[in-house]
Amino acid sequence: MNEEEAVRVIKQIRNSSIGITVLYFMFSVILPIRSFEADMFIYEIIPIVVMLAIFNGLAFGVYRYRSRVCAIVLFIFSIFMLKELLAIDGKAPLLICAMLWYIYYKGIKATFYFHNNRLADY
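For what it's worth, numbering that gives the first Met the number 0 labels the leading residue of the sequence shown as 0, then goes sequentially.
Check the hints yourself; a few may be wrong.
In the DSSO-like style, the derived pairs of lysine-lysine whose C-alpha atoms are separated by at most 30 Å in a straight line are [said to hold, decoys possible]: (1) Lys-82 / Lys-105; (2) Lys-108 / Lys-82; (3) Lys-108 / Lys-10; (4) Lys-10 / Lys-82; (5) Lys-105 / Lys-10.
Label pairs and their calculated CB-CB ranges [as the list claims (entries may be wrong)]: (6) Val-21 / Arg-63: 15 to 21 Å; (7) Tyr-104 / Leu-22: 18 to 24 Å; (8) Phe-59 / Trp-100: 26 to 32 Å; (9) Glu-3 / Glu-83: 20 to 26 Å; (10) Pro-46 / Arg-7: 31 to 37 Å; (11) Glu-2 / Leu-93: 43 to 49 Å; (12) Gly-56 / Asn-115: 38 to 44 Å.
Think of the hints as simulated: they come from the structure by calculation, not from any bench.
Note that beta-carbon positions come from the ideal geometry of N, C-alpha and C, so glycine has one too.
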């Protein structure tokens, strides 16, 4: 992996986190608000918003700080997001999940590349 590829992968992580946030927010927050109930808001929508905030925080950590810990946690978190998708409607877009796992795996490799080369420069 060279530096250009590592930068490209990290930008893909940022773009995928933005796309996932928009989709989750549309289908999990905006559409259910049309049939607004107080109990539904507290028990279903707020945890999804918190999950999206954690997800975007991790993606920002990978993008801005090239954090290896954030990259690994983001990969593991995406596995739990698939579990959540399966629990909601019993099926998940496996092709999209496989693409995201591949991007996050390459993100792990890219962050390790940045840290190894930064240490080699000293």
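For each hint, the structure was consulted:
1. Lys-82 / Lys-105: holds, 21 Å
2. Lys-108 / Lys-82: holds, 24 Å
3. Lys-108 / Lys-10: The hint holds at about 14 Å.
4. Lys-10 / Lys-82: Given that 30 Å is the threshold and the Cα spacing comes to 25 Å, the pair holds.
5. Lys-105 / Lys-10: Holds, at roughly 11 Å.
6. Val-21 / Arg-63: 15 to 21 Å: Once the Cβ atoms are compared, 20 Å apart, the range 15 to 21 Å for Arg-63 and Val-21 holds.
7. Tyr-104 / Leu-22: 18 to 24 Å: Because 21 Å falls inside the window, the suggested range holds.
8. Phe-59 / Trp-100: 26 to 32 Å: violated, 19 Å
9. Glu-3 / Glu-83: 20 to 26 Å: About 34 Å separates the Cβ atoms of Glu-3 and Glu-83, which means 20 to 26 Å is violated.
10. Pro-46 / Arg-7: 31 to 37 Å: holds, 33 Å
11. Glu-2 / Leu-93: 43 to 49 Å: violated, 32 Å
12. Gly-56 / Asn-115: 38 to 44 Å: violated, 25 Å
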